[in-house]
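Protein chains: 2
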Amino acid sequence: MEQELMTAEEIRQLIEEKRFSELKAYLMETNPADIAEVLNDELSKEQYMMLYRLLPKELAAEVFVDLDTDRQEMLIRAFSDAELKAVLDEMYLDDTVDIIEEMPATVVRRILETCDSRDRKIINTLLKYPKDSAGSIMTPEYICLKADWTVEESFELIRRVAIDKETIYTCYVTDKKRVLIGLVTAKMLLLADRDAIIGDIMEDNVIAVPTAEDQEIVAQMFDKYDFLALPVVDGENRLVGIITVDDVIDVMHDEIEEDFAKMNAIVASEKPYLKTTVFELWKNRMPWLLLLMFTATFTGMIISSFESALAAQAVLTAFIPMLMGTGGNSGSQSSVTIIRGLSVGEVEFSDWLTVVWKEIRVAVLCGVTLAVGTFIKIMLVDNLILQSGITPLVAVVVCLTMCVTVFCAKIIGCVLPILAKKVGFDPAVMASPFITTIVDAVSLIVYFQIASMVLGI
Amino acid sequence: MEQELMTAEEIRQLIEEKRFSELKAYLMETNPADIAEVLNDELSKEQYMMLYRLLPKELAAEVFVDLDTDRQEMLIRAFSDAELKAVLDEMYLDDTVDIIEEMPATVVRRILETCDSRDRKIINTLLKYPKDSAGSIMTPEYICLKADWTVEESFELIRRVAIDKETIYTCYVTDKKRVLIGLVTAKMLLLADRDAIIGDIMEDNVIAVPTAEDQEIVAQMFDKYDFLALPVVDGENRLVGIITVDDVIDVMHDEIEEDFAKMNAIVASEKPYLKTTVFELWKNRMPWLLLLMFTATFTGMIISSFESALAAQAVLTAFIPMLMGTGGNSGSQSSVTIIRGLSVGEVEFSDWLTVVWKEIRVAVLCGVTLAVGTFIKIMLVDNLILQSGITPLVAVVVCLTMCVTVFCAKIIGCVLPILAKKVGFDPAVMASPFITTIVDAVSLIVYFQIASMVLGI
Numbered sequence: 001m002e003q004e005l006m007t008a009e010e011i012r013q014l015i016e017e018k019r020f021s022e023l024k025a026y027l028m029e030t031n032p033a034d035i036a037e038v039l040n041d042e043l044s045k046e047q048y049m050m051l052y053r054l055l056p057k058e059l060a061a062e063v064f065v066d067l068d069t070d071r072q073e074m075l076i077r078a079f080s081d082a083e084l085k086a087v088l089d090e091m092y093l094d095d096t097v098d099i100i101e102e103m104p105a106t107v108v109r110r111i112l113e114t115c116d117s118r119d120r121k122i123i124n125t126l127l128k129y130p131k132d133s134a135g136s137i138m139t140p141e142y143i144c145l146k147a148d149w150t151v152e153e154s155f156e157l158i159r160r161v162a163i164d165k166e167t168i169y170t171c172y173v174t175d176k177k178r179v180l181i182g183l184v185t186a187k188m189l190l191l192a193d194r195d196a197i198i199g200d201i202m203e204d205n206v207i208a209v210p211t212a213e214d215q216e217i218v219a220q221m222f223d224k225y226d227f228l229a230l231p232v233v234d235g236e237n238r239l240v241g242i243i244t245v246d247d248v249i250d251v252m253h254d255e256i257e258e259d260f261a262k263m264n265a266i267v268a269s270e271k272p273y274l275k276t277t278v279f280e281l282w283k284n285r286m287p288w289l290l291l292l293m294f295t296a297t298f299t300g301m302i303i304s305s306f307e308s309a310l311a312a313q314a315v316l317t318a319f320i321p322m323l324m325g326t327g328g329n330s331g332s333q334s335s336v337t338i339i340r341g342l343s344v345g346e347v348e349f350s351d352w353l354t355v356v357w358k359e360i361r362v363a364v365l366c367g368v369t370l371a372v373g374t375f376i377k378i379m380l381v382d383n384l385i386l387q388s389g390i391t392p393l394v395a396v397v398v399c400l401t402m403c404v405t406v407f408c409a410k411i412i413g414c415v416l417p418i419l420a421k422k423v424g425f426d427p428a429v430m431a432s433p434f435i436t437t438i439v440d441a442v443s444l445i446v447y448f449q450i451a452s453m454v455l456g457i
Numbered sequence: 001m002e003q004e005l006m007t008a009e010e011i012r013q014l015i016e017e018k019r020f021s022e023l024k025a026y027l028m029e030t031n032p033a034d035i036a037e038v039l040n041d042e043l044s045k046e047q048y049m050m051l052y053r054l055l056p057k058e059l060a061a062e063v064f065v066d067l068d069t070d071r072q073e074m075l076i077r078a079f080s081d082a083e084l085k086a087v088l089d090e091m092y093l094d095d096t097v098d099i100i101e102e103m104p105a106t107v108v109r110r111i112l113e114t115c116d117s118r119d120r121k122i123i124n125t126l127l128k129y130p131k132d133s134a135g136s137i138m139t140p141e142y143i144c145l146k147a148d149w150t151v152e153e154s155f156e157l158i159r160r161v162a163i164d165k166e167t168i169y170t171c172y173v174t175d176k177k178r179v180l181i182g183l184v185t186a187k188m189l190l191l192a193d194r195d196a197i198i199g200d201i202m203e204d205n206v207i208a209v210p211t212a213e214d215q216e217i218v219a220q221m222f223d224k225y226d227f228l229a230l231p232v233v234d235g236e237n238r239l240v241g242i243i244t245v246d247d248v249i250d251v252m253h254d255e256i257e258e259d260f261a262k263m264n265a266i267v268a269s270e271k272p273y274l275k276t277t278v279f280e281l282w283k284n285r286m287p288w289l290l291l292l293m294f295t296a297t298f299t300g301m302i303i304s305s306f307e308s309a310l311a312a313q314a315v316l317t318a319f320i321p322m323l324m325g326t327g328g329n330s331g332s333q334s335s336v337t338i339i340r341g342l343s344v345g346e347v348e349f350s351d352w353l354t355v356v357w358k359e360i361r362v363a364v365l366c367g368v369t370l371a372v373g374t375f376i377k378i379m380l381v382d383n384l385i386l387q388s389g390i391t392p393l394v395a396v397v398v399c400l401t402m403c404v405t406v407f408c409a410k411i412i413g414c415v416l417p418i419l420a421k422k423v424g425f426d427p428a429v430m431a432s433p434f435i436t437t438i439v440d441a442v443s444l445i446v447y448f449q450i451a452s453m454v455l456g457i
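Protein sequences appear in the order of chains D and E.
Here the first sequence is numbered in the working numbering, starting from 1 and rising by one per residue.
Here the second sequence is numbered in the working numbering, starting from 1 and rising by one per residue.
One chain only, chain D, in its complex shape:
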């Protein structure tokens, strides 16, 4: 059954010993994604080309699509025109477009010159759709049936064109003007009589998306409806392409990684970590670090303006990290919950009142619990065990601050992402680091105000 995968080492050895027929036999039995993984990793350029040239045309194209961008570029530059054309002919057009988008201009020119003129036209159209839109991830290679065909006729067409189509399991029905009027699945076709008419058996209530739809919404729809494919239509409801579930999984993957990066003050990049250079990592991480460092000027100013109070009650300083830390954690709990809710469509802008009211109640509960916890901690740990001699009044100041800070943090944490969404920003930016910076300032102001009032300093 399932065969063992060879390591790059074993493959290198086969190449060096020129045991090509053995190697070819192995490759023919191996999944393209696994071949790509070896090719991405550990071979010299010559071994790499050697191995690639052993692959039969169709498999070669499948492997090519799975390669890293820099490997693809190297191959394209090494290919003869005939080799490049062979790969391009085997590839689905949406994959070609994905590759073109990552290539330098000279390589793009070479690809476009090698395509036949019909493909070139389609590619140019696809390239014009905005990044992250349904149009940019769809493929024009779908199966299109007519309503007056029989099931038998449809099967004939499917058999004839299947090889070039990204999926044959969902077929779309269009009228003379290419307007989408229905769909039939391969299952429906298989279960129907051979002479049934497509128009009679088709599902005529087709869920479709416009070309401009955000790919995140497309991913939500696949999640909700369990589709294998989703049709994409233009402004006149004409079918222009389809999006298949495997492409959507890639989209989900990219969107999630982008969110994780943004929510942790990193400029998002699509490169895997181990392939990213030190300089690129530095470039992705510095902007937010510098910005957040500058904004911390405010917290410094707040502390400076209470310098005399801190001098009078030096013990107050010791609680600053705990208050700021707990405030930041409380705020990021709320913000991440709302950001994710917005991102998967569970929370809408119109829910803002429900969200704020819920967070207010959670904030009160959390604030009070933490204040009580802090009081117990100060009395037991700080005073009893560590003998810090913290006066009850100072403890009250700290606990009151804890309560108010947590409350403010949770409200800020839930309001900012919703506001961001409303004004068209990505709510993900309103996550932990951003919230923490604001909450830091708020907690200090609250702390010093309460300290002034209670301790009279």
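Please keep in mind that the hints were generated in silico from the structure rather than gathered at the bench.
Do not rely on the hints blindly, as some may be mistaken.
Unchecked claim - Short, incomplete list of chain E residues facing chain D, as computed with Cβ under 7 Å:
{"no.": "1", "residue": "Pro56"}
{"no.": "2", "residue": "Val161"}
{"no.": "3", "residue": "Ile266"}
{"no.": "4", "residue": "Phe375"}
To be verified - Each pair of labels, with its calculated beta carbon distance range:
{"no.": "5", "chain 1": "D", "residue 1": "Thr295", "chain 2": "E", "residue 2": "Glu46", "range": "53 to 59 Å"}
{"no.": "6", "chain 1": "E", "residue 1": "Ala314", "chain 2": "D", "residue 2": "Asn383", "range": "40 to 46 Å"}
{"no.": "7", "chain 1": "E", "residue 1": "Arg178", "chain 2": "D", "residue 2": "Asp195", "range": "50 to 56 Å"}
{"no.": "8", "chain 1": "D", "residue 1": "Asp70", "chain 2": "E", "residue 2": "Arg53", "range": "55 to 61 Å"}
{"no.": "9", "chain 1": "E", "residue 1": "Val267", "chain 2": "D", "residue 2": "Asp426", "range": "24 to 30 Å"}
{"no.": "10", "chain 1": "E", "residue 1": "Ser452", "chain 2": "D", "residue 2": "Glu270", "range": "43 to 49 Å"}
{"no.": "11", "chain 1": "E", "residue 1": "Ile197", "chain 2": "D", "residue 2": "Val429", "range": "57 to 63 Å"}
{"no.": "12", "chain 1": "E", "residue 1": "Leu380", "chain 2": "D", "residue 2": "Val429", "range": "25 to 31 Å"}
{"no.": "13", "chain 1": "E", "residue 1": "Met103", "chain 2": "D", "residue 2": "Thr391", "range": "50 to 56 Å"}
Even glycine gets a Cβ: it sits at the ideal position worked out from N, Cα and C.
Since the structure of chain D is provided, determine the placement of chain E on it from the hints.
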């Protein structure tokens, strides 16, 4: 084509005016996921049952699967035995198992009593697989062919059993002992001659997973190989079930939300935010907040032990939030990058040396950049604009601390998740809040040590 969705308001009105045939016609044309959305939301129990009973059996079961757990429970309790049996008969067994896992014991008993004995046996087997394993998300309802059948015979079987199978697009071939020996896709069958033998056309190199495989690995395999379905085998390589792509999308969804929660100090829950009660939110958020609050005792102790130094140079206090904040952000950038890399399989434990060496270089670059940035900021903003009168020596202390803190933060941020993975913890817990707490303490120690040395206090 695509029809407008009715609002809950419009549906309520149809029910109240008893326009049932109109309502039924609408429901028949509507996607089950959209019907479930309305049922989840806004109807009274009576309206809810009324609407549900209008649905034909098959559609009713599809809607049922998409409902929220509390709605499902309500329905099961309201169903007659015959109604419950009708729904269970239409449902796929893996969905039944998912529902059973969420229900209280009395409801589970009722479900199991209503199933026929064959289904009950299968359900009980499925329930025994550990949570989050391949076995727990697979379905036993797949299409199984024999190697000596013809394509024609296979199509006959498919037509006969299709209605009960979760997918007909990937069919598996087993020998007499149920050992998995190959697969054919519906596409392969359609393109083959009617009298071709399955054993000749099947793909005999089948990638499968054992029942105990982690569902996260399963999700990674779908992402890598673009499968529509993946077979699950027992210890003797016998086929016991399949996992379909729509179920894997749900798994991805759950795993991601769990990671987001964990990485932000929240106890993960599968309930959507708007359905979670205030008390549940409080319960999910408090444990980590309390724990992190207690651990902040250390930062307090560090500050207390340098009280006299801070009294001598009160200006030092003002930079504490900036140093801790930047340290925390730097550390969480590294940790989230590594956590994600580990989670999607881009980074393995064996890469630890590469990772640490890369992070060391990034850390030096980031540390130096931030130190220089801080120096410029202190000179321009604090001294020139705000007239804070910070001495060059203090500025040097702050900048040196910045450099060392960022360096330590990045190393801690990359090492902890890798270590966690090695000892079998979930690396996600080593994210922002946890790292921040450690980095807070580290940055304070570094700060005061450098201050003592440079300023001689």
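Taking the hints in turn, this is what the structure says about them:
Because the beta carbon of E:Pro56 sits about 15 Å from the nearest beta carbon in chain D, more than 7 Å, this interface hint is broken. The beta carbon of E:Val161 is not positioned within 7 Å of any beta carbon in chain D (closest approach about 11 Å), and the interface hint is therefore violated. A least Cβ separation of about 5 Å between E:Ile266 and chain D falls short of the 7 Å threshold, and the interface hint therefore holds. Violation of the interface hint for E:Phe375 is found here, the shortest Cβ-Cβ separation to chain D being roughly 11 Å, above the 7 Å cut-off.
At about 55 Å, the beta-carbon gap between D:Thr295 and E:Glu46 stays in the expected band of 53 to 59 Å. Distance hint check: the CB atoms of E:Ala314 and D:Asn383 are about 26 Å apart, inconsistent with the given range 40 to 46 Å. Between E:Arg178 and D:Asp195 the CB atoms are about 38 Å apart, so this pair departs from the stated range of 50 to 56 Å. Here the CB-CB span from D:Asp70 to E:Arg53 is close to 60 Å, well matched to the stated 55 to 61 Å.
Look at E:Val267 against D:Asp426: about 26 Å separates their beta carbons, and that is inside 24 to 30 Å. Taking the beta carbon of each, E:Ser452 and D:Glu270 are about 46 Å apart, inside 43 to 49 Å as hinted. Judged by the Cβ atoms, the range 57 to 63 Å given for E:Ile197 and D:Val429 holds: they are separated by roughly 59 Å. About 26 Å separates the C-beta atoms of E:Leu380 and D:Val429, a value consistent with the hinted range of 25 to 31 Å.
Checked against the given bound of 50 to 56 Å, the beta carbons of E:Met103 and D:Thr391, roughly 54 Å apart, stay inside it.
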